[in-house]
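Could you put the whole structure together from the sequences, leaning on the hints where they help?
Take any residue in the sequence shown, count from 1 to its spot, add 1: that is its number in the numbering used here.
Calculated from the structure, these hints are not laboratory results. Some hints could be false.
To be verified - What follows is a list of derived Cβ distance ranges for each label pair:
| hint | residue 1 | residue 2 | range |
| --- | --- | --- | --- |
| 1 | R27 | L191 | 30 to 40 Å |
| 2 | V120 | P14 | 24 to 34 Å |
| 3 | D140 | N80 | 28 to 38 Å |
| 4 | I77 | R27 | 22 to 32 Å |
| 5 | R46 | R209 | 51 to 61 Å |
Said to hold, decoys possible - Pairs of lysine-lysine residues, derived as DSSO-like cross-links and limited to a Cα-Cα distance of at most 27 Å, are as follows:
| hint | residue 1 | residue 2 |
| --- | --- | --- |
| 6 | K176 | K138 |
| 7 | K255 | K219 |
| 8 | K64 | K78 |
| 9 | K162 | K146 |
| 10 | K133 | K179 |
| 11 | K219 | K133 |
| 12 | K78 | K9 |
| 13 | K213 | K179 |
| 14 | K213 | K176 |
| 15 | K227 | K250 |
| 16 | K219 | K172 |
| 17 | K227 | K255 |
| 18 | K219 | K250 |
| 19 | K219 | K176 |
| 20 | K133 | K176 |
| 21 | K133 | K172 |
| 22 | K25 | K9 |
| 23 | K25 | K172 |
| 24 | K172 | K162 |
| 25 | K162 | K179 |
| 26 | K172 | K146 |
| 27 | K25 | K64 |
Note that the coordinates shown come from a computational prediction; the quantities given were computed from them, not determined experimentally. Where is the CB? At the ideal position from N, CA and C, for every residue including glycine.
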Amino acid sequence: MELIDIDKIDPSPFQHRRHMNTDKLRELAVSITRDGLIEPVVLRRCNRRFQLICGERRLRAVKEYTDNSAILSRVIKANDLEARRMCAAENLQRENLSVIETIETIVDLVDSELCGDEVYDSMGESAMHRLKNLLSKLDSIRRSKERGSSISGDSNDLSHKFMGQVENIFKNLPKSLKWRSFYENDLQILLDTSDEVLTAAIDHNLNRSQVKALEGLKRTSHDEFKRITGTGPGKSGAEISGLSANEIKEITEKAVRKMQLEQPEITGPRNGVGPS
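Given below as structure tokens:
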């Protein structure tokens, strides 16, 4: 371990954590100032500088809320795939990740375990779409087998190649998870949710039900969405943090009723007879 100048450390390009509580960072900085850094950050050399692998909160706390110019570090050798995997694994062990950040991190971790295989790599250009396509195929094969339907040789080969591997990866996550549950309940949230809603969900640490309800509101009334998330012109606060999923749905229903009332009444010929 060694002390590294914090100005020589670049952030991890694999970091999914986008929102950090400033009060918690200040508390961590006070603890570090008082007791020292118990667990060093993990870095790798990148040309003449260093790149962070693990320890985003610790580095931010020291850099933003202490007078320290250096931080205790462990410098290791790691390629992009190894650094990506370590960053994702550390994030999943933390308890303060938002639902969306957790899902994104699981996608990244599972993808990093599978990528490099020619068949898997051909399934999409992004981690999310590669994993979605693989799990979709595996789920379809599973359903066919349960129905007693015959499957093609290619499908059987795909199942034989990936089913056990995928089950083991999800089983050995920092928090064990069934891949079918992740595919049906979690991955769909990323696929079905707009970037604006994902950002709001992370900023306000919304749960799954709130995210789905908020996406429904945005699709119904963008103005109401901006109002309760505090993203409209002149908005400094946000109501969304204190609203349940049901309350967001009620706002959506009111927006629908309002739009229906504001629509001009459609008039036309009666009894098939037009104006003379």
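Structure-based check of each hint:
1. Against the hinted window of 30 to 40 Å, the Cβ-Cβ separation of R27 and L191 comes to about 31 Å, which satisfies the hint.
2. Look at V120 against P14: about 26 Å separates their beta carbons, and that is inside 24 to 34 Å.
3. Range check, D140 to N80: Cβ separation about 32 Å, and the 28 to 38 Å hint holds.
4. Roughly 29 Å separates the CB atoms of I77 and R27, a value that falls within the hinted 22 to 32 Å.
5. At roughly 40 Å, the beta carbons of R46 and R209 sit outside the given window of 51 to 61 Å.
6. Between K176 and K138 the alpha-carbon distance is near 24 Å, which keeps this suggested pair within the 27 Å criterion.
7. For the hint pairing K255 with K219, the CA-to-CA distance comes to about 13 Å; that is within 27 Å, so the pair holds.
8. At roughly 24 Å between alpha-carbon atoms, K64 and K78 fall within 27 Å of each other, so this suggested pair holds.
9. With a CA separation close to 16 Å, the supplied pair K162 and K146 stays within the 27 Å bound.
10. Annotation: proposed proximity of K133 to K179 holds, straight-line Cα distance about 15 Å (limit 27 Å).
11. For the hint pairing K219 with K133, the CA-to-CA distance comes to about 24 Å; that is within 27 Å, so the pair holds.
12. A distance of roughly 17 Å separates the Cα atoms of K78 and K9; the hinted pair therefore holds under the 27 Å criterion.
13. Among the hinted pairs, K213 with K179 is consistent with the structure: their alpha-carbon atoms are about 21 Å apart, no more than 27 Å.
14. For the given pair, K213 sits about 23 Å from K176 by alpha-carbon distance, which is consistent with the 27 Å threshold.
15. Annotation: proposed proximity of K227 to K250 holds, straight-line Cα distance about 15 Å (limit 27 Å).
16. Proximity of K219 to K172 is assessed by CA-CA distance (about 35 Å); at most 27 Å being required, the pair is judged violated.
17. Of the pairs offered as hints, the one joining K227 and K255 holds, with about 15 Å between alpha carbons and a cut-off of 27 Å not exceeded.
18. The hinted pair formed by K219 and K250 meets the criterion: a straight-line CA distance of about 11 Å does not exceed 27 Å.
19. Our distance criterion of 27 Å between C-alpha atoms is broken by K219 and K176, whose separation comes to about 32 Å.
20. At most 27 Å may separate the alpha-carbon atoms for a hinted pair to count; K133 and K176 meet this at roughly 20 Å.
21. For the hint pairing K133 with K172, the CA-to-CA distance comes to about 18 Å; that is within 27 Å, so the pair holds.
22. A C-alpha spacing of about 24 Å is found between K25 and K9, which places the hinted pair at or below 27 Å, so the restraint holds.
23. Between K25 and K172 the CA atoms are separated by roughly 31 Å; this puts the pair beyond 27 Å, and the hint is violated.
24. Distance hint between K172 and K162 is fulfilled; the C-alpha atoms sit about 17 Å from each other, no more than 27 Å.
25. Restraint check: the Cα-Cα separation between K162 and K179 comes to about 18 Å, which is no more than 27 Å; the hinted pair holds.
26. With a CA separation close to 22 Å, the supplied pair K172 and K146 stays within the 27 Å bound.
27. Only pairs whose Cα atoms come within 27 Å are accepted, and K25 paired with K64 is accepted, the gap being roughly 14 Å.
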